[in-house]
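K.L.:
Sequence lines, in order, name chains A and B.
Residues in the first sequence are numbered from 1 upward in steps of one, following the working numbering.
Residues in the second sequence are numbered from 1 upward in steps of one, following the working numbering.
Hints were generated in silico from the structure; no laboratory data involved.
No residue lacks a Cβ here, since even glycine has one placed at the ideal position from N, Cα and C.
Treat the hints with caution; some may be incorrect.
To be verified - Looking from chain B toward chain A, a few residues come up when the C-beta cut is under 8 Å (computed):
hint : residue
1    : M1
2    : D2
3    : L3
4    : Y80
5    : A254
6    : H300
7    : R304
8    : T317
9    : I368
10   : R377
11   : N378
12   : R383
What the hints assert, rightly or not - Derived pair list, reagent style BS3-like, types lysine-lysine, alpha-carbon separation capped at 30 Å:
hint : chain 1 : residue 1 : chain 2 : residue 2
13   : A       : K232      : B       : K328
14   : B       : K389      : A       : K228
15   : B       : K47       : B       : K221
16   : B       : K328      : A       : K330
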Amino acid sequence: MDFTFTDDQLTFREAVSRFLMTEAAPEMLREIWETDTGRSPELRKNIAEQGLTALSVPEDCGGLGMDDIAWALMTQELGYYAIPDSLADAAYVAAGLIAALPAGTASREDWLGRIAEGSIRIAVAHPVNPLVADANPANLLLLAHGDEVHAVPREQVEVEPNPSIDLSRRLARVRWTPAASTLIAGGEAGRALWAQTLNRGALSTAGQLLGLAQRMLDLSVDYVAQRKQFGKPIGSFQAVKHHLADVATKIEFAKPVLYRAAYALAHGEAGADARVSHAKLACGEAAWLGARQGIQVHGAMGYTWEVDLQMFMKRAWALDAAWGDRGFHKARVADAILADGAALGPGHTFEE
Amino acid sequence: MDLAYTPRQKAFREEVRAWLAANLPREPLASYDTREGFEQHREWERKLFDARLSMVIWPEALGGRGCDLIEWLIFEEEYYGAGAPMRVNQNGQLLLGPTLIEFGTEEQKARFLPRMASSEDMWAQGWSEPNAGSDMAAITSKAILSADGTHYVVNGQKTWSTRASYADLLFGLFRSDPASSRHHGLSYLAVALDAPGVTIRPIQALNGKQAFAEIFFDDVKVPVENRIGDEGQGWHVAMATAGFERGLLLRSPARFQYTARRLVELYKANREVADRDPSIRDAVIEAWTGTEAYALAAYHTVGRLAKGARIGAEASTNKIYWSELDLKMHETAMRILGPLGELTGDAPAAVEAARWLDGFLFAQAGPIYAGTNEIQRNIIAERMLGLPK
């Protein structure tokens, strides 16, 4: 029993953090916000050169074969720096779905190889999300038709952009017609793939929300330490301190929930749905509290476009309902714990 | 990350489970806030000790079993999962015990710890004074070293000392340098409560029982061998104790997970009534998510400790978390019970309700004792986040 990360995993996280710190500074985020596509080919190129697009791709397809547990760390960094790219959608969620297709499925190896080298953008349209993120710049879309999974080239779909308040999110309604030529899985197999994909999408979002919560806390701590009123830093006032202490506490007790969910997913545990939903709820609540207290301690500055806090708040507000809103995830947790014979209470945290 | 228990850990769980199944008291013990209940709990502690289950993480030579922290968590899960009695000597065992292991001399460890593990000695704590509550550095009770250096003479008053009316000894903080102020010049002493000059006045708690007491010291002689840590270093020693208290040891997750399980059962048994208020269902779900999060955080921390990390100010997040969670769970139970919630254990119609009432009353104290949650939030802000004083 060891519920911690290895030194290698922590070193990996450090390296990702250092890379994103320089590659995704807030000023650059703002520049990318102003562009039509909202995406920077250069940023994507740099990310690919770092090998980050190859993390989840199996080793025999040119990837690193890392599991969900590594992504629990990786997505926190993506959230912390609010990177304006749907990297996790392609490199984690789509890669996971495609890797789970039976070997020999047409194009499987080709797609995985291109994900690894960073030369393909794949948008994933799970029915739980009414709009599809990054449908427009995608080369390929994974679309649902009932239980069926279709892999549809961008030119075969019609995309209607739907702007989000978070300018890093580029959402669209997608219109398309299912065809036999695009079908890659159906029936029981399709259902299982979508179920897995939902959990990966939710875990990815949870990790980003937790990273966002930490970033908003850090920004707020910096701000209240330098902003003076009544002749002293406002961070010396208890009312301000307590707001931020509450955010720190929320984050502290969301982290291990995220890690437990990642492990459940990586090991295909029967109770993974409830674990993932728990993580999504805990991380979403931490992020929303981080935003709420963050704007409060920033005062009027927090309500402006000028202060960086806004970029992280908007992402947090948006992602909270992505890959299943709170109602969806609460219902999944409730189904698990209110079921007859549910294994609850002491001694069931790691074993059914 | 490897979340499978080892064969040794599984075997330990089985052993504890089997022992509890064979030895748990058939009838619930009386409240340990009464003399009768206190002695019943002492007997139960003796039984645990004889099975070497009272302090599993202590070294064998001191009455423990030499378990690691994962095994301790497993013990706690089995213990509270079985609905076993509350630990009457926890102030000694969980607060002073680890402090002695860190700061005590070999002689002190041998003298105090085995008798603490067996509960032959029951311990009360002596921190707060009438004018030193949240501001603990304002302590004025004095312990002046005699001219021959053999003993301290203690004068002053301590208060809010849990179950002191029934306890044998007290540990606490006294001003040994009368010219000192604040956190300087304090010493950490163990005082026999039957020593001449000690007067104990019980204080009735919310539940009407003598759950705590105030203690007056009038020229009480305390042998110098009873000083834990160096003269004048009491604050440092006490802070270590406070850290243990807020942290894992005092409130292991299992106890709250057990409450959450009972709350889910209570909700399911009363669903028709409870669902008239949809926020109750939400609170029941949060009891599970909250207690699971606390358990996961404990395992994560224990794993980090095993790799050499230290518990710092994040212990304060623990204290806020469990105390507010416990209160919320008991409030939810009271809301489900509705008009039965107010009934005491003497009420024929009470059945299960009275147990929730007891817990509800005690849960009110959680955000106050062991350093109020406001003080904890200050600690988090200043030491974890680095905000200015």
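K.L.:
Against this structure, judge whether each hint is valid.
P.N.:
Do the hints match the structure? See the list:
no.: 1; hint: M1; verdict: holds (6 Å)
no.: 2; hint: D2; verdict: holds (5 Å)
no.: 3; hint: L3; verdict: holds (5 Å)
no.: 4; hint: Y80; verdict: holds (5 Å)
no.: 5; hint: A254; verdict: holds (4 Å)
no.: 6; hint: H300; verdict: holds (4 Å)
no.: 7; hint: R304; verdict: holds (6 Å)
no.: 8; hint: T317; verdict: holds (4 Å)
no.: 9; hint: I368; verdict: violated (16 Å)
no.: 10; hint: R377; verdict: holds (4 Å)
no.: 11; hint: N378; verdict: holds (6 Å)
no.: 12; hint: R383; verdict: violated (10 Å)
no.: 13; hint: A/K232 - B/K328; verdict: violated (36 Å)
no.: 14; hint: B/K389 - A/K228; verdict: holds (14 Å)
no.: 15; hint: B/K47 - B/K221; verdict: violated (34 Å)
no.: 16; hint: B/K328 - A/K330; verdict: holds (18 Å)
In the structure shown, a violation is registered for the earlier hints numbered 9, 12, 13 and 15, in ascending order.
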